[in-house]
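2 protein chains.
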Amino acid sequence: MEEVHGRHSSGWFDVCQHRRMSNTRSLPLLAPESDAAAGPCCPPLTERPFTAEEAETAARMFKALGDPVRLRLFSAVASHEGGEACVCDISDVGVSQPTVSHHLKKLKEAGLLTSERRGTWVYYRVEPSVLSAMGKLLTVAPAVL
Amino acid sequence: MEEVHGRHSSGWFDVCQHRRMSNTRSLPLLAPESDAAAGPCCPPLTERPFTAEEAETAARMFKALGDPVRLRLFSAVASHEGGEACVCDISDVGVSQPTVSHHLKKLKEAGLLTSERRGTWVYYRVEPSVLSAMGKLLTVAPAVL
DNA sequence: AGCTTGTTTCGACGTCTGTCAATGTCTTCT
DNA sequence: AGAAGACATTGACAGACGTCGAAACAAGCT
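Taken in order, these protein sequences are the chains called A and B.
Start counting the first sequence at 54; every next residue gets the next number (the working numbering).
Start counting the second sequence at 54; every next residue gets the next number (the working numbering).
Simulated from the structure, these hints should not be mistaken for lab results.
Keep in mind that a hint or two might mislead.
One copy or two, it doesn't matter: identical chains are merged, so the pair holds either way.
Stated by the list, open to error - Think about it this way: if two alpha-carbon atoms lie no more than 25 Å apart in a straight line, the pair counts; the simulated SDA-like pairs of lysine to any residue are:
{"#": "1", "residue 1": "158", "residue 2": "100"}
{"#": "2", "residue 1": "158", "residue 2": "192"}
{"#": "3", "residue 1": "189", "residue 2": "172"}
{"#": "4", "residue 1": "159", "residue 2": "141"}
{"#": "5", "residue 1": "116", "residue 2": "171"}
{"#": "6", "residue 1": "189", "residue 2": "143"}
{"#": "7", "residue 1": "189", "residue 2": "146"}
{"#": "8", "residue 1": "189", "residue 2": "171"}
{"#": "9", "residue 1": "189", "residue 2": "155"}
{"#": "10", "residue 1": "116", "residue 2": "172"}
{"#": "11", "residue 1": "158", "residue 2": "168"}
{"#": "12", "residue 1": "159", "residue 2": "106"}
{"#": "13", "residue 1": "161", "residue 2": "101"}
{"#": "14", "residue 1": "158", "residue 2": "101"}
{"#": "15", "residue 1": "116", "residue 2": "145"}
{"#": "16", "residue 1": "159", "residue 2": "100"}
{"#": "17", "residue 1": "158", "residue 2": "104"}
{"#": "18", "residue 1": "158", "residue 2": "145"}
{"#": "19", "residue 1": "189", "residue 2": "167"}
{"#": "20", "residue 1": "158", "residue 2": "97"}
Sequences are here, hints too, so could you generate the full structure?
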């Protein structure tokens, strides 16, 4: 058996790689649909003091990324080819597999990831609108001072 | 007694307002100095999977902003004129004064704020290098997919 | 049908976190 | 010196959180 890369049994990896190009749909960058956490949440942090509601919303996203394991998982998904990854490809973060699942669920609840089951595997994708929203949040206004 | 805005005794508020315009210095937007938590911590989230160390570092910052009260405090400081504010000007976030102090300490420990005592009051400033570092973190690479 | 593999859910445990009242420290004013 | 105001620290407590093993669920394979 040619052991390719670690603790997984042979066979499933190529399948994962093979399935990779099945979604060429462009992600809805600014589609404000039903999802609550996503979308146009808040102004830049430096523009004006946040209201209680804005802070509640934005803090949810920051909190989701405030755990090292979650951050690694999120980064792994975000940097994966096609912008998606199956759990088996990213669960090498030093914690048990149920814990990985728990964190992925948290990221999903925070609106940062979406999941889809295709056959045996579950694929996670980043929600790009949220990413850009958070980027805007941290935009330092050029000529504020 | 003219109850102005809640649970604070009268008198100190207007004094704070008066002190407010005493600093017109422009903030060093990209001064990379000695501070440990700040500076070049991590690549963009979408570039490659974070290592354990990178995740640990970046998660600390996200975690610090992962609380609504802290986020309001940080936003209040960041959006204040001159980029700094005394505690008395931003402590109207619905929690007790010790709790405000506790959160400001957390933000300071995370490297997001610095504090300086001037006379009776303590002024908090944002650490701009950290802000821009977090902004870069959330940069979505243009042509990744 | 049974077995195997990938993933989620459940239940429990210890730790961390946000909150407050009470107290302490530092500074200014009288 | 004494009093008062601004802010920090301490101690305590309830709730949230991260973690795991065990069990459940889902899909493919023999």
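Quick rundown of the hints versus the structure:
no., hint, verdict
1, 158 to 100, "between (32 Å within a copy, 23 Å between copies)"
2, 158 to 192, "between (28 Å within a copy, 24 Å between copies)"
3, 189 to 172, "neither (37 Å within a copy, 36 Å between copies)"
4, 159 to 141, "within (17 Å within a copy, 36 Å between copies)"
5, 116 to 171, "neither (29 Å within a copy, 33 Å between copies)"
6, 189 to 143, "between (28 Å within a copy, 23 Å between copies)"
7, 189 to 146, "between (29 Å within a copy, 23 Å between copies)"
8, 189 to 171, "neither (33 Å within a copy, 33 Å between copies)"
9, 189 to 155, "neither (28 Å within a copy, 28 Å between copies)"
10, 116 to 172, "neither (32 Å within a copy, 35 Å between copies)"
11, 158 to 168, "within (9 Å within a copy, 37 Å between copies)"
12, 159 to 106, "both (20 Å within a copy, 21 Å between copies)"
13, 161 to 101, "between (29 Å within a copy, 20 Å between copies)"
14, 158 to 101, "between (32 Å within a copy, 22 Å between copies)"
15, 116 to 145, "both (22 Å within a copy, 22 Å between copies)"
16, 159 to 100, "between (29 Å within a copy, 22 Å between copies)"
17, 158 to 104, "between (28 Å within a copy, 21 Å between copies)"
18, 158 to 145, "within (17 Å within a copy, 34 Å between copies)"
19, 189 to 167, "both (21 Å within a copy, 23 Å between copies)"
20, 158 to 97, "between (27 Å within a copy, 23 Å between copies)"
The structure is inconsistent with the numbered hints 3, 5, 8, 9, 10, although it conforms to all the rest.
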